[in-house]
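4 protein chains.
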Amino acid sequence: MLILCRQDLTDHEREEILAAARNAGFEPFFAHSGRIILHGPGDAAPLSDLPGILSIEPLPDRPVLAKEPGNAVVRVNDVEIGGGAFTVVAGPCAVEEKARLIDLAHAAKSAGCDLLRGGAYKPRTSPYSFRGLRAVGLEYLRAASDATGLPVVTEILDAQDVELFTDTADMIQIGTRNMMNYELLVAVGRAGKPVLLKRGMGSTIDELVHAAEYLLLEGAPGVVLCERGIRTHEPSTRNTLDLAAIPVLKGVASLPVIVDPSHATGRRDLVAAMGRAAAGAGADGVMLEIHDDPDCALCDGPQAIHPENLSALVDNMRKISALAAEAEDLL
Amino acid sequence: MLILCRQDLTDHEREEILAAARNAGFEPFFAHSGRIILHGPGDAAPLSDLPGILSIEPLPDRPVLAKEPGNAVVRVNDVEIGGGAFTVVAGPCAVEEKARLIDLAHAAKSAGCDLLRGGAYKPRTSPYSFRGLRAVGLEYLRAASDATGLPVVTEILDAQDVELFTDTADMIQIGTRNMMNYELLVAVGRAGKPVLLKRGMGSTIDELVHAAEYLLLEGAPGVVLCERGIRTHEPSTRNTLDLAAIPVLKGVASLPVIVDPSHATGRRDLVAAMGRAAAGAGADGVMLEIHDDPDCALCDGPQAIHPENLSALVDNMRKISALAAEAEDLL
Amino acid sequence: MLILCRQDLTDHEREEILAAARNAGFEPFFAHSGRIILHGPGDAAPLSDLPGILSIEPLPDRPVLAKEPGNAVVRVNDVEIGGGAFTVVAGPCAVEEKARLIDLAHAAKSAGCDLLRGGAYKPRTSPYSFRGLRAVGLEYLRAASDATGLPVVTEILDAQDVELFTDTADMIQIGTRNMMNYELLVAVGRAGKPVLLKRGMGSTIDELVHAAEYLLLEGAPGVVLCERGIRTHEPSTRNTLDLAAIPVLKGVASLPVIVDPSHATGRRDLVAAMGRAAAGAGADGVMLEIHDDPDCALCDGPQAIHPENLSALVDNMRKISALAAEAEDLL
Amino acid sequence: MLILCRQDLTDHEREEILAAARNAGFEPFFAHSGRIILHGPGDAAPLSDLPGILSIEPLPDRPVLAKEPGNAVVRVNDVEIGGGAFTVVAGPCAVEEKARLIDLAHAAKSAGCDLLRGGAYKPRTSPYSFRGLRAVGLEYLRAASDATGLPVVTEILDAQDVELFTDTADMIQIGTRNMMNYELLVAVGRAGKPVLLKRGMGSTIDELVHAAEYLLLEGAPGVVLCERGIRTHEPSTRNTLDLAAIPVLKGVASLPVIVDPSHATGRRDLVAAMGRAAAGAGADGVMLEIHDDPDCALCDGPQAIHPENLSALVDNMRKISALAAEAEDLL
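Protein sequence lines correspond, in order, to chains W, R, V and D.
First residue of the first sequence: 5, per the working numbering; consecutive thereafter.
First residue of the second sequence: 5, per the working numbering; consecutive thereafter.
First residue of the third sequence: 5, per the working numbering; consecutive thereafter.
First residue of the fourth sequence: 5, per the working numbering; consecutive thereafter.
Fair warning: there could be bad hints in the mix.
Identical chains share a label here; the pair holds if one copy fits it or two copies do between them.
With a cut-off of at most 20 Å between alpha-carbon atoms, the simulated DMTMM-like pairs for lysine to aspartate or glutamate come out as follows [unchecked claim]: (1) 71 - 273; (2) 71 - 211; (3) 323 - 333; (4) 102 - 31.
Honestly, the hints are just simulated from the structure, not real lab data.
Generate coordinates for the entire structure from the input sequences, incorporating the hints supplied.
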């Protein structure tokens, strides 16, 4: 059963409900959006009169919060994602020198981008690879954000770092390798920050929506989904970008959806075409890797684009997005 | 070794070259574009003076005809594919009644489509399914083409039918299940008709280009490639449309590339979004299934769109295509 | 509807039934096992009294012939596949010199193998690759079979070659690239020869069983299924061998199932382990590529094993197969 | 560069080395096996004389600890995995009632199994599903282990729980959803417990070996790899079990490899066949889900087998394993 509690539930009321649920034979789980999930063979009827409880209903068999219209627009500081504009997130794969990062942030800003991305904590296949500047990288991102006014989104790897990210980032990213790290989803969902949730490279669209539900159930004030390619047999791109995921997601959830053509393809020469395709498919935005000297980037240089053409590309994608929106009801 | 012969090679010259190649220790294979492929431990030097031979060079390790600039535009009657316009092929999955087909062809024509599609010979997973009207279906297609002026493209399943298709169709389609049916590629390549070659659902982009090379080596006057989705773990769409294949193909081949969003997704509600995405990705066109009563279609009804909105969708895709072309050099 | 006819149906009876079916509003299709498939809006009741008709029933929605117990054992000359023995098919990937082939056949025979394999008609990704000795290769295979007594199985690529294969081969192979070449399945099904049907590299188990149904519906006197790996994201093997297909196939069909570890892995160092695994999984046999000088083989040398250890491997697999059979009912 | 330190490095020495590395322009990372990874543009030569340093060498571009012969056998209490025996891990998917768990542990013990498995912390696709008994479940597992003498292996989901698992479990499992949760790998690697590392469902074999390297680099006293199926287009099984991973892993690493046929297939009727296949492929063991009332199991009931036939199956797999080992050098 699912108990929906009053928004201003007191700690005392919560503990009373949890104790009563245990007494009634349930394993209760309190989610920070004010919902209590009950499993087990108990009888929930006696609970219904407890103070703080609004309703008791069967557990949903599908994500429901991810489908609520109220979650269709996500605000990150002054930026609105999902409200009709085509949002562009840009920045380097990994945070490197502070000055370079600030320069790239300025380049992103003048090209019309809306958010700054950059990895401070980097998940790497090999333990011998560079794992990012970590806390120092977060500081640099904060500085670059402050210098340009662009809100910053950056990837978290571990629940123990949530407080640090909450203090530094404007939006917290869950990367493809952690989409099914459900403890991290719970911890980040409680942080009170909007979340960018990337699809697992071996995950289904359905699992992505369920992962978003974890975040929303813990009270995340907004979740933006990101399609970034899945693993397939095709070797000419790093992953296979599944753009049909955009309209599929629009059907089963109400959340904004953006696309990462850089990680999807792993190839700079494909990024612009896939950004335009994402706009045509109805995406709410894209996430692009940029670097002023891609061949020397510490991480994923082959997929970063140079900022010099960024402005023209952003403009082009936005025009396509607007055209696509005009015809989005055609079947 | 690869022998390049004079275009107007006589039968006698050809037989002499083949005989000499066999004498020299080779297994020769004559391709109808006037090339002879030599395998085996022989010495090709003695052949070089034979009449009809222009050059002898090592066998290419990559498709070369598929990369020739001269193959970038394919003409089907008056229609040019690959020359900058955004070509729309439309029609029912399977040919059913003659009058309905002609009506659909008129609908496609008035919506601004360029070619008529329709399956007369249908490859079906189950032998108990309807396999198409076959020769009769080809007649209906011819009639619908004659009534509207739209050239017709239709799928061939067997080398023994090449003559029949050559007489009836304006463009011959090789379907996804036969992309690696190399004997069929050879036979169709010799037919003197432009070919629409669909990617195998379990094939790589590289294999698709090699399959095109088979056709061109046998003299096909034009090959258009078609991305139609690949098999992956994602269950919400019938296949996963690999739109990155478009810019990848543009890099390794010079052939026109179109996209089939109907078979890729198997879902009518995704077709328009994927058509727009294809335009954004730089495709030279799309292939759409239409049906005036999709729920009653004998085959693949769930993916067919109703002709009533076709015109607006075609117009929308063409505008996106034009925008994408403006920015296609941005990286 | 599906009409089941008398086994000794005369041509005249058949034509009368087909004509009556057309008159009744059907598109009839006659399959050579004596079944007539009816599609269309007609009423089949009037047909039931025609001479030659045993029954009229709804079209099956699942393969039914592939599930018949009578198809559980396939005979190729004196060899029984599926009757409890663990059958080993061995031979080179491609037929090369005649003497070498005969030597390999003798090696296979003395190692205890049951059938000789070898490709005369080779489907190749590149048109510039060696496509096999073709008709000459079939002659060599016939000679090697006659010299050793091993029945020969070899791959057909085109329906036009059925007669040639029927005259030469003891068992006809449909390769992975042609599993969905349904016209070829129909033609080979009519040839009166047992068939080895390999799973398409992008196909499902369900599609494989349906393909077998095509063959049986046309009267194939036996169909052996072959799991040979599917395309996945894993790059360390050429394909991913899906051994769970064996017990899955045993559940949905009654046909013998063998495994090709050579093409599945593309790596000689994995063949023995995968042959043993196939035996453990309950396969009715394996198909192995052998070559006396693998590094010089014209085709797929890296996956061929040397005949010297073949006997010990065959013996080992048979012992494992026997152990697996003892416990095959354990769940 | 990679610095190898003395095993008994003092904290003071470590801090000195790290400080010197930072001064020299590096970002140093200390791994608990006594290795320091240096990234950045620095010059490592001045460091070589510092106390505690054994050697400084280039960073490896491949896993090296995973390839060390010393890691070929993993000990969990009295059980040796990888030493030639065929290890069987058995238990329920999720820990439920304490008494039932103890009964199942006794059943596993009398069937000849070596370790007890059971999930206390369960990663679930939907946040509304039962997430396990958690700390209480660990207590039950400890009790079942103490009652039977079977060491217990159970899955950890979050780095914050490492101490709890270290106190309770004999072996810590990293599940398929967390194989690329590198922070968890680091934390678990430091726990001083042997680790069972499952392959990510969308991961490559190469990534699995790299993940093991993370654990070993942090000092894990043993890592056992577990193949449990990957995501593919085949829908008849939950995942596609990649048994070729076993001999591939044996080539690139020296670690023991076991197989989980229960999660790989998701179907009880396939478990025995795939367990036998794993034995034939040369696996060092299997992990089986058992349940005395599978239809009522809280989690994954359809794939659990009943303990009644377990003993015969274990015996059968061990015989096949022994036969496979006899012939493991055959190519």
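Hints versus structure:
1. In this homomeric assembly, residue 71 and residue 273 come within 20 Å of each other (Cα to Cα) only across copies, at 18 Å, whereas the closest approach inside a single copy is 36 Å.
2. Proximity of residue 71 and residue 211 under a CA criterion of 20 Å is satisfied intra-copy only: 14 Å inside one chain copy versus 35 Å between copies.
3. Taking the shortest Cα distances, residue 323 and residue 333 sit within 20 Å of each other both inside one copy (18 Å) and across copies (16 Å).
4. Proximity of residue 102 to residue 31 under the C-alpha cut-off of 20 Å is restricted to the inter-copy arrangement: shortest distance 15 Å between copies versus 49 Å within a copy.
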